[in-house]
Amino acid sequence: AQRVTQPEKLLSVFKGAPVELKCNYSYSGSPELFWYVQYSRQRLQLLLRHISRESIKGFTADLNKGETSFHLKKPFAQEEDSAMYYCALSPLGGGYQKVTFGTGTKLQVIP
Amino acid sequence: NAGVMQNPRHLVRRRGQEARLRCSPMKGHSHVYWYRQLPEEGLKFMVYLQKENIIDESGMPKERFSAEFPKEGPSILRIQQVVRGDSAAYFCASSPTSAPLGHEQYFGPGTRLTVT
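For the record, the sequence lines run as chains A and B. Be aware that the first sequence starts at 1, since it is given in our numbering, and climbs by one per residue. Be aware that the second sequence starts at 1001, since it is given in our numbering, and climbs by one per residue.
Chain A on its own, in the form it takes in the complex:
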């Protein structure tokens, strides 16, 4: 079974402060990890995936297999980063693979 845990429901930081949204996963095989974001009154959209190793809007996430974590980080928070963030996991491999989402963390950036 695959599971994604986001321990924080709400994370409040001041503008300019570093941000770290925690994500831990449980899966016995090789996972593919994602971060999705949902801004206010907008639809859920992909922020980044670990395979592409991109930095999107200043956010990065490193897959740590030893700690089974995929924390999302940004060195300096901006007000426009306020949103709901969901970590997600899918088994890595060919064919159909179900995506499992965490419960989400609401990031609130205080001006």
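Don't read these hints as lab results, they were simulated from the structure. One should not assume that every hint holds.
Below, in silico cross-link-like pairs of lysine-lysine (BS3-like), each with a Cα-Cα straight-line distance of 27 Å or less [claimed, not checked]:
1. B/K1044 to A/K106
2. A/K65 to A/K106
3. B/K1051 to A/K98
4. A/K65 to B/K1044
5. B/K1071 to A/K98
6. A/K73 to A/K9
7. A/K98 to B/K1062
8. A/K65 to A/K22
9. B/K1044 to A/K73
10. A/K106 to A/K73
11. A/K98 to A/K15
12. A/K98 to B/K1027
13. A/K22 to B/K1071
14. A/K22 to A/K9
15. A/K9 to B/K1051
16. B/K1044 to A/K98
Guided by the hints, dock chain B onto chain A, whose structure is given.
Leaving out everything else, chain B in the frame of chain A:
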């Protein structure tokens, strides 16, 4: 490309009525996924469909819920004899191929179902 469309955006039903939620995937996408988001909870997978086929319905409640994706027209999530516990936001996503093989899922704006 208008993106994934869902309608209605808001739906109010009395207990015992039927709810029909529609999802039109992005142009060129033949894979549809339905998720439910209960208050204060994350997204829960319900069902994955391709045209005319249910591929994975492991997240669907055993009773009252059904889904289809006909050859023509939108995907439909049907909830019969709704109860208060069905009140939630229902999201649809689509992908051009079996995600996530290089293609992420594109989400619709959701339908917020309220059962009174």
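Outcome of the hint check:
no.	hint	result
1	B/K1044 to A/K106	holds, 17 Å
2	A/K65 to A/K106	holds, 25 Å
3	B/K1051 to A/K98	holds, 17 Å
4	A/K65 to B/K1044	holds, 24 Å
5	B/K1071 to A/K98	holds, 23 Å
6	A/K73 to A/K9	holds, 16 Å
7	A/K98 to B/K1062	holds, 19 Å
8	A/K65 to A/K22	holds, 14 Å
9	B/K1044 to A/K73	holds, 25 Å
10	A/K106 to A/K73	holds, 14 Å
11	A/K98 to A/K15	violated, 36 Å
12	A/K98 to B/K1027	holds, 22 Å
13	A/K22 to B/K1071	violated, 41 Å
14	A/K22 to A/K9	holds, 10 Å
15	A/K9 to B/K1051	violated, 36 Å
16	B/K1044 to A/K98	holds, 11 Å
Consistency with the previously given hints fails for numbers 11, 13 and 15, ordered from lowest to highest.
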